[in-house]
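Colleague: Input sequences plus hints: build the corresponding full structure.
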Amino acid sequence: MKRLGKTVSAALAVSALLATLGGCEGQKGPAEGAGEKVDKTVEKVGQQIEKAGESIQDAAKGDKK
267 MKRLGKTVSA ALAVSALLAT LGGCEGQKGP AEGAGEKVDK TVEKVGQQIE
317 KAGESIQDAA KGDKK
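Per our numbering, the sequence shown starts with residue 267, numbered consecutively.
It is possible that part of the hints are untrue.
[To be verified] Calculated pairs, BS3-like style, for lysine-lysine (alpha carbon to alpha carbon, straight line, at most 27 Å):
1) Lys-327 <-> Lys-310
2) Lys-294 <-> Lys-306
3) Lys-317 <-> Lys-327
4) Lys-317 <-> Lys-306
5) Lys-303 <-> Lys-317
[Stated by the list, open to error] Derived DEER-like restraints, expressed as beta-carbon distance ranges:
6) Val-274 <-> Thr-307: 45 to 51 Å
7) Ile-315 <-> Lys-272: 50 to 56 Å
8) Val-274 <-> Glu-316: 49 to 55 Å
What the hints contain is simulated information worked out from the structure, not anything from laboratory work.
Here the structure is a predicted model, which means the values were calculated and not measured.
Cβ coordinates follow ideal geometry from the N, Cα and C atoms, glycine included.
Modeller: Here it is in structure tokens:
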């Protein structure tokens, strides 16, 4: 019977933790917003670098776009 009590207690603790974490999900702080902007910018820069690399390769082969 003690084992069942421990299992129920553990399940309640996990449920409380998940409920607490779920409530925080909608709130974004300024650091998180800034981080998302940095991520987007880095992704765009990476895409531009990739395009530039492809253009350099095409130029080296003699192809023009």
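Colleague: Are the hints correct? Go through all of them and say.
Modeller: Checked hints:
1. Lys-327 <-> Lys-310: Between Lys-327 and Lys-310 the Cα gap is close to 26 Å, so the pair holds against 27 Å.
2. Lys-294 <-> Lys-306: At roughly 16 Å apart (the allowed maximum being 27 Å), Lys-306 and Lys-294 satisfy the hint.
3. Lys-317 <-> Lys-327: It holds: about 15 Å lies between the C-alpha atoms, which stays within 27 Å.
4. Lys-317 <-> Lys-306: Cα-Cα ~17 Å, so holds.
5. Lys-303 <-> Lys-317: Holds, at roughly 21 Å.
6. Val-274 <-> Thr-307: 45 to 51 Å: Because 48 Å falls inside the window, the suggested range holds.
7. Ile-315 <-> Lys-272: 50 to 56 Å: holds (55 Å)
8. Val-274 <-> Glu-316: 49 to 55 Å: For Val-274 and Glu-316 the Cβ distance comes to about 54 Å; the hint holds.
The structure is consistent with each of the numbered hints, conforming to all of them.
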